[in-house]
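Enquirer: Listed below are the residues making up each chain.
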Amino acid sequence: MKKRVLLLSAICLLSQCAVVYGEGEAEQEKQPWLVPYEETVEMHIANAESTTAEWAQEGDDVTNNVFTRAYKDWLNVDVITDWVSADYDESLNLAIASGDLPDVFLANNVQYTQLVEAGMLEDMTDVFEENLSDFAREQYDAVPAVVDAYRVDGRLYGIPTLYYGDIDKPYYMWLRKDWMEELGVSAPTTIDEMMSIIEQMNEKYGTRGIAEDKTLDNLLGIACAWHAYPGIWVEDEDGHLVYGSIQEEMKQVISTYADWYARGLINPNFAVQDSEAVKTDVINGKYGAQPFLQWWGWHAGTNVVEATGNNNSYFLPYAVPSVDENPVLYPLVFPNEKVLVVRKGYEHVDAAVKLMNLHLYVDSEAVKDGLIDVNDFHYYTTTINFLPFNVKPTMGDYNGYYQAIEYKKTGDPSVFTYSGNLDKCTTAEAFLNSGDTSGTIGGMLQMYHAQCAYSIGAGIVERDEFKRDAMWGAAPEVVNSYGSTLDDLLLEGFTLIITGQQPVEYFDTLVEAWKAAGGDEMTAAVNEMYRK
Amino acid sequence: MNRYCRTRAQKLFSVFNTIFLILISLTCILPFVHLLAVSFSGATAVAAGEVLFLPVDFTLSSYIFALSGRFPKALLISLGRVLLGVAVNLTACVLTAYPLSRSISQFRGRNIIAGYFIVTMIINGGLIPTYLVVAKLGLLNSVWALVLPTLLPVNSMLILMNFIRQLPDELEEAAMIDGAGPFRILWSVLLPLLKPALATIALFSIIFHWNDWLGGMIYIKDIRSYPLQTYLQTLLKSMDEILRTAGNDYVKMISMMNARTGRAAQLFLDALPVILIYPFLQRYFAAGLVIGSVKG
Amino acid sequence: MKRKSSFWKDFKKQWYYYAMVTPVIILVFIFSYLPLYGLVIAFQKYNPALGFRSAWVGLDNFIFLFKQPNFVRTIWNTLYIAVLKIAGGILVPVTVSLLLNEVRNARMKHMFQTAVYLPYFLSWVLLAGVLMDILGTDGIINQTLKQLGLGSVNFLGNAKIFPWTMIVSDIWKNFGFGTVVYLAALTGIDPGLYEAAVVDGAGRWKQTVYITLPQLTPTIVLMSVLALGGVLNAGFDQIYNLYSPIVFTTGDIIDTYVYRLGITQAQYSIGTAVGLFKSAVSAVLICSSYYLADRFTGYRVF
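Residue numbers (the working numbering), protein chains in the order written: chain Z, 6 to 537; chain V, 4 to 299; chain C, 644 to 945.
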């Protein structure tokens, strides 16, 4: 009997040890890259100025903070910032021109192409394959098309830092809540219904229709309701790539807008007002409808509520109804803007990748693994964006939305990976429960409110109701060489048609002008580069 | 000037003149007053367009925001730069305007040298080439990069040259008879008489160096050494984005301000010193000619 | 003209003048002439990473620009707006400085002087907001016009009116600057001339026409010629902050167009090419105005 007990206990003990030992090993396995270098690695970087970060200690700034200390303590990499600029792109251009490059830095798409052409970057293909952490691997495996866009002859000279997520991209029609309630109307299901609501607002509240400014961004943002895709390249029936802004569907959209304008359903002064001026008018109650992105709450939101003194006067987002039975697809341009690159001649290319791993690790597991004290965590989250090694979590906002739902159910603040989202929710609660307007209602309208923007956006992401730009990568040089002048040409024409100074037929003349002014050249270049 | 017989016509003219000038002055002052009010007003009131000439929801937020952080250091840097810049500009202008004001028989190289400077007014190499020259000289990040590339404002130099030419020749002749050499003439005789022109040039120079944010952006690589305008410009560049992405504590600190109030505060921090200096320089404008040395 | 003495003989007498200008000549050479080498960028497809080794494309950049009909129209717009700005920018400060000069009360004069140069400090970014407010179809000015029964004017949204709005607001913003210069010049006029005129029985008006204006002419001519040198500038800051697509036909100037060309990437080649083009035109204008000034006023500006 005793022997058996002994054996049993021995086995139990042993298995416990195995468990403990296994755990430790599993942890090590999970983060095999998290091994400090034997010899301190020195790395010179450059950075953009940041004014909103919360620094943990006195004397901290963007060159010396919790992250730079983590780089040293966890990996033995000494990161020295050579310069910090307020206009990073310009300063980098100058640095490139004078041949004075930092070891590791962020380049935008144009600079990346120029540097690759000049042979000034290290080949990162192998390091990218071998040194990514599992978590980082996950991020990049989800978007292979984005990574491939940066391969030149099969080799990768930089690592894209990704982007915040498609959930941010759709435009909604924001309508004023208290007026909707007074009019007794609910979410519009057709475009006609939507315009009828706006007409009623005009009548009852003296508004001027849809709030829009001279860039026409808002109206162009909802053009997809008619299956028109201004600003991106789409495939036509023969598989050619054509520019969305000059297609037949666009003609219908502009003609509809012209009709609305004539009926007083669009800001009569839109052609000369910038977004600040329109925002002022929204705050002054001249509009009850504004097509906008998910961040409307930070735009006019809090000001509207404060100015009217009525906590119910904010706007709520509504999905724009489709013109027919096909679902609305929201246009997406190639989203990645910055690439992490290493200058040719710098030996520790893998260190750059490890620092990227570190950032993702901080964002996910570091607190759980005990490397960061939970009380200090928000110092990390408020500064994480300001260092070049940051990889933006593509699903970050999407996850944040579901975490907010979780939080509303359980009240448990630890569900959030990003403490900024917790702040949004607590501010939203203060507003809804006690009418506290000292904070901003941006977060509430984005992700907390039952009818928030993300509630619609999440569905769009899940059903993948997006139309991706056929030009999915860096633009060909010809396209860049025209800057925005060709789009401005169209904008000029659209404005003239909408305000009635030109008839709808002018659209065709406009398209011909666009083609002659360089549009044909651009189309040929895009087709050469991106047509399958 | 004729102080005596003031006819009725003259008195009438005086009245209309004064009224007209008052109206013009009002149009010049009112926007300023409006912006001053905006800088002290709360963000919502400003965004709603409620602010006219008096602050609404009075707050110091915008100024607190602008004055915090690196402001004091940047201010000192700017002051130093202005002093150095004005000294360099004045010296360069005087050293060139005087010889060039001579006629060609007095100074043979005059036309060529004048042309040499005027060409620089018309044509320049552009941002990157100038940057490369400054970089190669190792002047990046130093105040000399801000002061030397613009050392001779040709416009000012020509104004000064013009001014000198209009001085009566007898002055110089009198001095030469007294046995003075050209350096002496320049220093003792001419300079005092040039005060109005020098004050004008100094004013333009102060305004330029004080307001120049682009130079700082390009040539000063480290924000810690930014001159004031560059620093303020960066602070306010993406104000709206900052307000959106900042954490709660930060938002609360600057909750009463927005991009418009911030820029208005920036304007006043910008303009105040120059407004204060201008009256001081004004007394030099009234200097006028000293006739005594000629009549004797 | 026969030069009787040799260069070296003159030099020995005039060496001090040469000594004065030499330091400045050297420094100006370093910072203004050396960078001129960078003009080659106008003929290259400039890649900052390749620097001056970038590909040579000859006149391609210029051809690219001039092929664009919208670019060509900006040249006309620029000249139209700039010339009128220069004309007004001389007329108004001269007039105001003359009027200011007539003010007896030194304190009032001082106050007016301080007031008129204030707008010069306002940046166009700030002013744009104020102007859009005042000039808008519901703004103060239009409201006043409506009350006076004159109907409203679309200052910023009507392509025919827009250039004038730019010209007038620019003159308003900058006239204080010129006024300072002219006032300084006015104080330099010999009072003896006026005394002699009074003795001859001339009233204020005659004094102004026959003494003040002629005495001011050199300064006026100088300021005009200097302004002409910058004629192709026409005011980027102002127009950029106040224009919109609806007034592109008359309001789009060279600099705003080039700015939009370069929006997706720093267009150093195009920018330098445009700069070169503008310099060439300015050079022609300055030479012509120098010649005209000499012929008509007998005044040699330089």
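Be aware that a few hints might be false.
[To be verified] Here are the computed lysine to any residue pairs in the SDA-like style, where the Cα-Cα straight-line distance is at most 20 Å: (1) C:849 <-> V:94; (2) C:752 <-> V:15; (3) C:710 <-> Z:39; (4) C:752 <-> V:283; (5) C:752 <-> V:25; (6) V:139 <-> Z:128; (7) C:656 <-> V:23; (8) V:198 <-> C:744; (9) C:655 <-> V:198; (10) C:656 <-> V:17; (11) C:655 <-> V:283; (12) V:198 <-> C:834; (13) C:688 <-> Z:39; (14) C:652 <-> V:172; (15) C:849 <-> V:139; (16) C:656 <-> V:116; (17) Z:472 <-> Z:39; (18) C:688 <-> Z:483; (19) Z:373 <-> Z:300; (20) C:655 <-> V:105; (21) V:14 <-> C:849; (22) C:752 <-> V:121; (23) Z:520 <-> C:670; (24) V:14 <-> C:783; (25) C:656 <-> V:176; (26) V:76 <-> Z:104; (27) C:652 <-> V:209; (28) C:803 <-> C:834; (29) V:198 <-> C:849; (30) V:139 <-> C:783; (31) V:14 <-> C:748; (32) Z:77 <-> Z:104; (33) Z:291 <-> C:748; (34) Z:373 <-> Z:104; (35) V:139 <-> C:784.
[Claimed, not checked] If you want the footprint, here are the derived chain V segments under chain C, 3+ residues with CB under 8 Å: (36) 35-44; (37) 215-224.
Quick caveat, the hints were computed from the structure, so don't treat them as lab data. Predicted, not measured: the structure shown is a model, and the values here were computed from it. Heads up, the beta-carbon is just placed ideally off N, CA and C, and yes, glycines get one too.
Enquirer: For every hint, state whether the structure bears it out.
Expert: Hint-by-hint comparison with the structure:
1. The straight-line distance between the Cα atoms of residue 849 of chain C and residue 94 of chain V is roughly 40 Å, outside the 20 Å bound, and the hint therefore fails.
2. Annotation: proposed proximity of residue 752 of chain C to residue 15 of chain V holds, straight-line Cα distance about 18 Å (limit 20 Å).
3. For the proposed pair residue 710 of chain C and residue 39 of chain Z, the alpha carbon gap of about 57 Å is over 20 Å, so the pair is violated.
4. Between the alpha carbons of residue 752 of chain C and residue 283 of chain V the distance comes to roughly 15 Å, so the proposed pair stays at or under 20 Å and holds.
5. At roughly 11 Å between alpha-carbon atoms, residue 752 of chain C and residue 25 of chain V fall within 20 Å of each other, so this suggested pair holds.
6. As the CA atoms of residue 139 of chain V and residue 128 of chain Z are separated by approximately 30 Å, the hinted pair breaks the 20 Å bound.
7. Under the criterion of a C-alpha separation no larger than 20 Å, the hint pairing residue 656 of chain C with residue 23 of chain V is inconsistent with the structure, at around 54 Å.
8. Our distance criterion of 20 Å between C-alpha atoms is met by residue 198 of chain V and residue 744 of chain C, whose separation comes to about 18 Å.
9. Our distance criterion of 20 Å between C-alpha atoms is broken by residue 655 of chain C and residue 198 of chain V, whose separation comes to about 31 Å.
10. With a CA separation close to 53 Å, the supplied pair residue 656 of chain C and residue 17 of chain V exceeds the 20 Å bound.
11. Taking the CA atoms of residue 655 of chain C and residue 283 of chain V, the gap is near 42 Å; set against the 20 Å cutoff, the hint is violated.
12. The suggested pairing of residue 198 of chain V with residue 834 of chain C holds, with an alpha-carbon distance near 17 Å, which does not exceed 20 Å.
13. Simply put, residue 688 of chain C and residue 39 of chain Z have alpha-carbon atoms about 44 Å apart, too far for the 20 Å limit, and the pair is violated.
14. Among the hinted pairs, residue 652 of chain C with residue 172 of chain V is inconsistent with the structure: their alpha-carbon atoms are about 24 Å apart, more than 20 Å.
15. Distance restraint check for residue 849 of chain C and residue 139 of chain V: the Cα-Cα separation of roughly 60 Å exceeds the 20 Å cut-off, and the hinted pair is therefore not satisfied.
16. Of the pairs offered as hints, the one joining residue 656 of chain C and residue 116 of chain V holds, with about 18 Å between alpha carbons and a cut-off of 20 Å not exceeded.
17. With a CA separation close to 39 Å, the supplied pair residue 472 of chain Z and residue 39 of chain Z exceeds the 20 Å bound.
18. Between residue 688 of chain C and residue 483 of chain Z the alpha-carbon distance is near 12 Å, which keeps this suggested pair within the 20 Å criterion.
19. For the hint linking residue 373 of chain Z to residue 300 of chain Z, the alpha-carbon distance of about 31 Å lies beyond 20 Å, and the restraint is violated.
20. The straight-line distance between the Cα atoms of residue 655 of chain C and residue 105 of chain V is roughly 16 Å, inside the 20 Å bound, and the hint therefore holds.
21. Taken as a hint, the residue 14 of chain V and residue 849 of chain C pair is honoured in the structure, with Cα atoms around 17 Å apart against an allowance of 20 Å.
22. For the given pair, residue 752 of chain C sits about 35 Å from residue 121 of chain V by alpha-carbon distance, which is inconsistent with the 20 Å threshold.
23. A hinted pair counts as satisfied when its Cα atoms are at most 20 Å apart, and residue 520 of chain Z with residue 670 of chain C does not qualify at roughly 49 Å.
24. At roughly 34 Å between alpha-carbon atoms, residue 14 of chain V and residue 783 of chain C are farther apart than 20 Å, so this suggested pair is violated.
25. At most 20 Å may separate the alpha-carbon atoms for a hinted pair to count; residue 656 of chain C and residue 176 of chain V meet this at roughly 16 Å.
26. Proximity of residue 76 of chain V to residue 104 of chain Z is assessed by CA-CA distance (about 30 Å); at most 20 Å being required, the pair is judged violated.
27. With a C-alpha separation of about 41 Å, the suggested pairing of residue 652 of chain C with residue 209 of chain V is violated against the 20 Å cut-off.
28. Restraint check for residue 803 of chain C and residue 834 of chain C: not satisfied, since their Cα atoms lie roughly 47 Å apart, outside the 20 Å limit.
29. With a CA separation close to 29 Å, the supplied pair residue 198 of chain V and residue 849 of chain C exceeds the 20 Å bound.
30. Proposed proximity of residue 139 of chain V and residue 783 of chain C is contradicted: the alpha carbons are some 54 Å apart, above 20 Å.
31. Annotation: proposed proximity of residue 14 of chain V to residue 748 of chain C holds, straight-line Cα distance about 13 Å (limit 20 Å).
32. Only pairs whose Cα atoms come within 20 Å are accepted, and residue 77 of chain Z paired with residue 104 of chain Z is rejected, the gap being roughly 28 Å.
33. Restraint check: the Cα-Cα separation between residue 291 of chain Z and residue 748 of chain C comes to about 49 Å, which exceeds 20 Å; the hinted pair is violated.
34. This hinted pair does not check out: residue 373 of chain Z and residue 104 of chain Z have alpha carbons roughly 43 Å apart, beyond 20 Å.
35. Distance check on the hinted pair: residue 139 of chain V and residue 784 of chain C sit about 54 Å apart at the alpha-carbon level, beyond 20 Å; violated.
36. Proximity of the region 35-44 of chain V to chain C, defined as three or more residues with a beta carbon under 8 Å from a beta carbon of that chain, is established by the 3 residues found.
37. Chain C is given as covering the region 215-224 of chain V, and this is violated because 0 residues of the stretch bring a CB closer than 8 Å to a CB of that chain, at least three being needed.
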